[in-house]
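Enquirer: Residue numbers for the sequence shown follow our numbering, beginning at 1 and rising by one.
Be a bit skeptical, because a hint or two may be false.
[Said to hold, decoys possible] Calculated pairs, DSSO-like style, for lysine-lysine (alpha carbon to alpha carbon, straight line, at most 27 Å):
1) 62 <-> 36
2) 24 <-> 64
3) 46 <-> 36
4) 39 <-> 64
5) 24 <-> 12
6) 46 <-> 62
7) 24 <-> 39
8) 24 <-> 36
9) 36 <-> 64
10) 12 <-> 46
11) 62 <-> 12
Derived from the structure by calculation, the hints contain no laboratory data. These figures come from a predicted structure and were not determined experimentally.
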Amino acid sequence: MRAPISESRNFKIADEFTALRNQKENLIATVALFRKLIKSATRQDKPQLEQQLVLVEVQLSKIKDQLHDR
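Construct the complete structure from the given sequences, taking the supplied hints into account.
Expert: Structure (structure tokens):
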């Protein structure tokens, strides 16, 4: 027997929310890792790491916005 449409839709929304939350946590950990790498990086490597950090922070910001919109 299939679940009612509204119930299956709720499960889908909950799954999407959980996936976004997990992505957010992974990106937060990635930001922390990049910051540690930047502290110990050589002068030559720092600009590239900082640029990658900005991209990760932008992605994190987008996910936070999606979570707040729900």
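Enquirer: Check each numbered hint from earlier against the structure, then list the numbers of those it violates in ascending order.
Expert: 10
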